[in-house]
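**Q** What follows is each chain in one-letter form.
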Amino acid sequence: MNIFVCVKQVPDTETKITPTGDGSFIETSSIKWIMNPYDEFAVEQALLIKADNAESTVTVVRVGSTQDTEALRTAMAMGADEAFLVETTENLDSYMTAKALKGAIEKSGKTPDLILSGKQAIDSDALQVPQILAQMLDLPSVSVVVGFEKDGDKITLKREVEGGALEVYEVTGPTVVACNKGLNTPRYASLPGIMKAKKKPLTTLSLSDVGVSDGDRKLKFSNFQLPPEKPPGKKFDAMDEAAAAGVVSEVVGLLRTEAKVI
Amino acid sequence: MDFNLSPEQKEFKEHALKFVKNEIIPVAQKFDESGEYPREIFQKAWELGLINTSIPESLGGNGFNNLEACLITETLAYGCMGMNSNFMANDLALLPILIGGNEEQKKKFITPFTESFKIASFCLTEPNNGSDAAGIKTTFTDKGDHWEVNGDKMWITNAGYADLFVVYGTIDPELKHKGISCLVMEKGVEGLEIGKKEDKMGHRASDTRGLKFNKVKVPKENMLGNPGDGWLIAMKTLDHSRPLVASSAVGGAQRALDCAVEYSKERTQFGKPISAHQAIQMMIADMAIKVEASRLLVHKAACMADNKQRNTDIASYAKAFAADSCMEITTDAVQIFGGYGYSKEYPVEKLMRDAKLLQIYEGTSQIQRLVIAREVLNK
Ligand SMILES: Cc1cc2nc3c(=O)[nH]c(=O)nc-3n(C[C@H](O)[C@H](O)[C@H](O)COP(=O)(O)OP(=O)(O)OC[C@H]3O[C@@H](n4cnc5c(N)ncnc54)[C@H](O)[C@@H]3O)c2cc1C
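If you read the sequences in order, they're chains A and B.
For what it's worth, my numbering labels the leading residue of the first sequence as 908, then goes sequentially.
For what it's worth, my numbering labels the leading residue of the second sequence as 106, then goes sequentially.
Since the hints were made in silico from the structure, they are not lab data.
A hint or two may mislead.
Pair by pair, the computed Cβ-Cβ distance ranges are [to be verified]:
#, chain 1, residue 1, chain 2, residue 2, range
1, B, Gly140, A, Asp1144, 35 to 45 Å
2, B, Thr373, A, Ala1149, 21 to 31 Å
3, B, Glu152, A, Ser1120, 45 to 55 Å
Computed from a predicted model, the values in this text were never measured in an experiment.
All C-beta atoms in this analysis are idealised placements derived from N, C-alpha and C, irrespective of residue type, glycine included.
The task is simple: from the sequences and hints, build the whole structure.
**A** Next up, the structure:
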């Protein structure tokens, strides 16, 4: 089985984000990059399938800069076999990213039997790439997947919908599956795994290698801004019952007049 | 001179930190309170290659150098100094075999540690001999086809769970350090009595016990080197292990600094975060200086060991400075937390209790200074 996993590298959740001077993107020089946490579920799922299906290969693909190849190296340290990087320092939109991923998958020379990804990237939060990629490859896609069971050619997928209900899908043949938290517990990269990853093949492609040009751009990023600073919370002291009664009516009043939520 | 770690070394540290943040930090307090032995965490860390950092590739290990072993140890101690004592004791016990053992002994005793999760104890200290290790009284008597071991050990980490004990004793107390010898004892041998777990101030998740040897028979082939080689093996072990112990002090100190920085930005007094008060800033600055200076000393001691340079003086600087700094930094962290720092609800009182041991084991801070003074005065 040829399993592909699309991974993105995103700023560590603890990173302090600052927009660039011209507002076109965020400052990337001081960012510590990590693999998008949702993609870890995708990598883990691929490795679980590989463990049960001899002769399977796990190929990770990523679009982004070579400054730091953390996400691909981590995926290979976890156990993926091979990696493709479409190199660009530009901030691509979802359409261009999907097109680049499609190009990289085609360039790998392997026909995908399954494509896995995270359900969203925690930095741009667009939730679009897996669906666009599926459309471009003319494949079905299922997103927000929290259950995955493979029985021969049949894959049963559980998908979370609003209100905590689950939808169950049965698919056969190549599918794009976008994974959510809860699907599995991603393994840690072991230190021997990190050493082995260094010897695994990582192929770098350019945007033109995968047929992506500026003409593909659907979305232009013009003004990144930090969200307005939250005003400090209000504290109400109610040490005894008498005070509590007053505080309740005060809070209710403020919820009406100031917060305007009731 | 380039002070940067290699990309691979940075990755080791980052991935180890991820494990520590998810698996150790959230439960460290609980283990501290219950004193339970963190066997599952130990095993998980072993599975990820974070344990037995000294085993070379030729014996199935990861072949880390001393610097890499220090980076890993610092990170594990960042999570919990107490648990790290258990982890580090494995290395401490395996090192004498790696240093003094022949090929057959290495294969027999070391390789199993690479194939499955196993625990080891390093047994040097005795009830009446701690700092004065050359005066140990445990005797190894030649009985023709085996050694007979008699005596007592004290403060032995991992003793209740160890598969293997590396034991120091003497073939003749009159010979002083020239009589010190070292052999490998396997668990469950007749006459080996394992004492009760010590109830300690800190490192409560680590297992510390006394041992009694009552006519324990140990095969002749379990002696490391020749009878009388033990002292040299112990000294060489320390050159390698002191940077490790020192790096665990760096880990604990870094944790205290991180906790203090975070808290000082959140806690408001007199209308501003306490981090905006200069007195707190001075403390934080001093803490940061000490953490980095400790780390640099550790890295130098480790690099010297890796370059096969004699590092006795620098390794002792590192151990003494890092351990003393860790004590000061964790004490200051409690100060910065104020009353909350004194409560078990917050992490820093544990750090302060755990830090104290680093000034005591593997050569007290006083003994390090004796070593250093000897090195400096005899130069
Ligand atoms: C939790 C824990 C775990 C341990 N784990 C192990 C282990 O796994 N294996 C092992 O073999 N040992 C272990 N030890 C033992 C540890 O290494 C010793 O406790 C340490 O070496 C000090 O020895 P001591 O306790 O006998 O103190 P002593 O040697 O009695 O020292 C008491 C005090 O006197 C000072 N002192 C002693 N001699 C001098 C001198 N010449 N000049 C100036 N000051 C001096 C010391 O610095 C100290 O302050 C452990 C100890 C503890 C507490």
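**Q** For each hint, tell me whether it holds in the structure or not.
**A** Results of checking the hints against the structure:
{"no.": "1", "hint": "Gly140(B) <-> Asp1144(A): 35 to 45 Å", "result": "holds, 40 Å"}
{"no.": "2", "hint": "Thr373(B) <-> Ala1149(A): 21 to 31 Å", "result": "holds, 28 Å"}
{"no.": "3", "hint": "Glu152(B) <-> Ser1120(A): 45 to 55 Å", "result": "holds, 46 Å"}
Against the hints set out earlier in the document, no violation occurs for any number.
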